[in-house]
Each structure stands twice: as structure tokens, then as C-alpha cells.
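2 protein chains.
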Amino acid sequence: MPQNEQTTAFDTATAVRRTEGGGLGADLDPGWDVGGGILNGGYLLSVVGRAAVLESPHAHPVAMSASYLRAPAAGPVTLTVEPGPSGRTLAHSLITLADAGGPALTVQATTATLTSAPSDYGHPMPDVPPAEECFSIAEHRDLAPPGVQVPGLSLKVDSRIDIATAGWAFGQPSGEPVLRAWMRFADGREPDPLALLTFADALPPTSFAMGAMGWAPTVQLQVLVRALPAPGWCLVEARSSEISGGWIDEDYRIWDSTGRLVAQSRQLARAPR
Amino acid sequence: MPQNEQTTAFDTATAVRRTEGGGLGADLDPGWDVGGGILNGGYLLSVVGRAAVLESPHAHPVAMSASYLRAPAAGPVTLTVEPGPSGRTLAHSLITLADAGGPALTVQATTATLTSAPSDYGHPMPDVPPAEECFSIAEHRDLAPPGVQVPGLSLKVDSRIDIATAGWAFGQPSGEPVLRAWMRFADGREPDPLALLTFADALPPTSFAMGAMGWAPTVQLQVLVRALPAPGWCLVEARSSEISGGWIDEDYRIWDSTGRLVAQSRQLARAPR
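As they're listed, the protein sequences go chains E and A.
Numbering follows UniProt numbering, in which position 155 of the first sequence is assigned residue number 155; successive positions increment by one, without gaps.
Numbering follows UniProt numbering, in which position 1 of the second sequence is assigned residue number 1; successive positions increment by one, without gaps.
Hint data in this document are derived by calculation from the structure and do not stem from the laboratory.
Check each hint, because a few of them may be wrong.
[Unchecked claim] Where chain A lies over chain E, by a calculated footprint (3+ residues, C-beta under 8 angstroms): (1) 23 to 37; (2) 74 to 80; (3) 157 to 166; (4) 186 to 196; (5) 219 to 226; (6) 245 to 257.
[Claimed, not checked] Here are some chain A residues pointing at chain E (derived, C-beta under 10 angstroms): (7) Arg18; (8) Arg70; (9) Arg141; (10) Thr258; (11) Val262.
In this text, a Cβ means the ideal position worked out from N, Cα and C, and glycines have one as well.
Only chain E is shown next, with the shape it has when bound in the complex (with noise of 0.2 angstroms):
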């Protein structure tokens, strides 16, 4: 049965509100943070997603570019939508988020109408355990290595990492920037072409992976929406090709619990030592 939009925290920590001016706003919720006070980066571009789809004759956003500017505070933004060209297929806007100090991110949308009609051609899914024999980040707060604060994000996101990618969470780091989990919302919301833009920035780091255990923050992220999302959990996958001069990049495909592809994202983020 599909849920209350209004009563989930996904659909309350990113509406999006007509402001009296007739612009747009939203008020940042503090619960989705990485750690530090620091605001997930999939979740501030579901906000600009709604905001994106708010102002466009489609429904969903298909191809998000942000560029992030600078950590924005939790509490009230103003999203500011620049219409580009607009057709039948799909349409072109430039979005800003912006707090009390100024602008924090900026994204290019296009958005379009998804559909959940099959593929033509699809990657597959890699086979990984059931959630329920996956590594619950949430369920072990207190396994967190010193210096790293469990985020408000891993309470929000219920994310059941594939043991062979969570050694790092025993102090045995792989030495293979790769990281793998089950995901879905903890109270059951229902995921959707919004919802996977915030899956596609929620994985920890990859760089635990490699036995580096800061924060990464994204400098650039983009994703693509492929398909509506079947409901129940959606695999995520992330990865990373190249850590160098002080930069990481993080490519992530996110598929359905019908193994369907739903979702990619990749992100320059700069690397923690």
C-alpha cells in the first residue's frame, strides 16, 4: 500500500515550498547529515530534484549535474530555477541552491518521463547475499573506527552493506575501492526517481575501503535516473577508477529488487588522507 507522501521522512525533509515572492524554498532537515553537521549531498539534490520537477512539464528528473560550492546549514534555502529550453521530450533547467551565506550548490536538470517498461539492454546485477545476511551500518554504531561519527543519514537510509565489502568496518580494508549494499528508506517509504538521487550519494566513502576513514567531500556529482524503481530494496553499488593527487571519483549504478538498472552516479570528491 503506497504511503502518505507527507508523513515519510524523505518526502517531509525535501519539500519544496512556493515561497510569497512566488519562488521556491525548502528548510534543510539536520537528520540527514554524514557526520559533523555536514548534509548529505544525494539529499540536497533530491531536494533540487523537487524543485527541478516542480517547475518542469515532466515528472522526473532523468540527468542531475550539481557542482558543490560549499556545505550549506541545515534550516531554510531558497531554490532558485532558471528554465532552459523545454519539449515534448524532455526539458533543461539550471537550479541554485542557496542558504544565509550565499549560493551552496549549483545543478543543471533534465528532466524527463521515466517509465518502467524493459530494458533493451541492462547490466546485470552482481549476485550479493540477502539484506538480512548483509552488515547493518546502523546496527553497529558502535563498531565505528575512532574519529568517525556515524551519520544521522545511516538512521534515515537503512543500508545493509555485502560483507565482502565491509572489512574496513573491522579494521581489514579490502584495498579495493569497492563498496556494496543493499538500501532503502527505514520507514519503508517506497523508493522513486527522487529517492534515488539520495541513494546515489549514500554508500560510505570508497575510500574506507582502502583504510582511509575521513569524510570525502563531493566537489562534483552527477546522476542519472534510468527507470522507475520496482518497490523493496535497491542494490548500490559503488566504485572508484582512479585516487591521485589528493581526488577520488566514485561511480555508483544502483538497480531495483528486480534487478533492473535504475540509477548511475558519479562523483569527483577530493580524497581523505
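Let chain E serve as the given structure and place chain A on it in line with the hints.
For chain A alone, coordinates are given in the frame of chain E:
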């Protein structure tokens, strides 16, 4: 021996000049087309990248996210650079490329200073036969399938396609959306970060490998440049993860002649029928 920058086809075709009003301008070269007078999206991104570094304290484009609003005509364009936050490590800007018809391309640019220092981790280069044993599009223009115009781009960028991924050129598409090729400029101009922006969109569409031989117009493209490439051939691999609903993604990794991963890109494009 380094070439004189002004004498190479790439540097001439991507030259950016300061206009009398203090803005930036360029002349798009009709020779960098992908067929039908449509200019290659990577070429356009190189022009924008040159504008980005011209207005930045940093020397190299490291993350470029572009929305392709409409195909610009060859000839004069303006480049409007809106500077964003700028620091010791990186600088942000937003750049609009416009022709007489209006904005054609908006790009979020992150610039920084790259090195060729060794990787902490690098995705290994796949095993591909040497360039001399690969398939040259330029040398086999007469093999082009009916309706496919060999692009001007293929005369500027010398691409030698791994035979294992070139079946489509002989009427035998592999059914796996993967292409690999050695790539360098035809005039011997060595690769650099600006060149990698072009290489990151210079292979034929991966949909060719699925037997769909039409043009796949780019909607959004993100390129990450990860290191200064060594002289010589680059190896470029493109792969799609999901083809459905008229959409296709293309995911590039680029290695330099030493086997070091130097760039990545991902684009969402409209899939040819």
C-alpha cells in the same frame, strides 16, 4: 619536441579570444562534426574548457558537466563565464556557449592543477592489440554502413578501434554496447587535459555495437580529468549500462600510453532507433 600550439588543428579549432567588450569568443570549426553538420560534443567541451582555465587561477579542467541545449552552428560563438567560489585547491565557474540562435551549451566547470604524480589506486587498462592491428575508421570510410556519414571528427582524431569491438563496421554488431580504441590527434598534437575533453566523447556511439547505426545526440555529459596524460596514444573505452525508453548512457575510461587512467566521462544521450 612540443609542437607550436598555434599550428595544430585542435589548438586552432578550440582557440578562445578576448573580445572588445571584455568577454570571450571563439570560432567553431565545421571540420569537427559527427555528420550532418552537427559538431562533436567533446569538441565543444574543449572550447568551453579553454574558456574555463582562461578565467581561473588554475590550469586544468578537472570536472566539466555540460547540458547540451541545442546544436550550435559552426562559426562565431560567445563564451560567458560566471565565476564561482575559488580557492587554493580548486575553482568553480558556470559557462554558457551561445551562437546567434542563443545558448547552446551550459557547463559547470571545476578547475584545479593536475600533475602526473603516481596513482594511489588506478583501474587497470584493458588488454588491446597495438594500434597498427586495430581498425581505422578514417582509412575505411568506404565501409560506412548505408545512411552513416563518416564524420569530419574521424579525420581530426585518429581512432583505431579494437577489432573485438568493431564488428558493427562489418555488419556484425557484437550485441554488447562496448567500444575500445587507441586515440590521438591525426597531426601528432600530444594529449593534454583539454584534448581529453574531446576524446571523452569521440568514439562512435556504443549503440553501433547493438546494430543501431544512427546518431545518439548527447543530452548531458560529465567529464573528469584525473591526471596529465603522457605523450602518445590514449586508450579510450566506452560502455553502456542501460538502454531503454529511447535513452542510452555512455561511460568512458581513458588511459594514457603508460597505462595510467587519465580521464572518465559519462553521458546520457537519446538512443538511435
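Now for the hints, and whether the structure bears them out:
{"no.": "1", "hint": "23 to 37", "result": "violated (count 0)"}
{"no.": "2", "hint": "74 to 80", "result": "violated (count 0)"}
{"no.": "3", "hint": "157 to 166", "result": "violated (count 0)"}
{"no.": "4", "hint": "186 to 196", "result": "violated (count 0)"}
{"no.": "5", "hint": "219 to 226", "result": "holds (count 5)"}
{"no.": "6", "hint": "245 to 257", "result": "holds (count 6)"}
{"no.": "7", "hint": "Arg18", "result": "violated, 25 angstroms"}
{"no.": "8", "hint": "Arg70", "result": "holds, 6 angstroms"}
{"no.": "9", "hint": "Arg141", "result": "violated, 28 angstroms"}
{"no.": "10", "hint": "Thr258", "result": "violated, 13 angstroms"}
{"no.": "11", "hint": "Val262", "result": "holds, 8 angstroms"}
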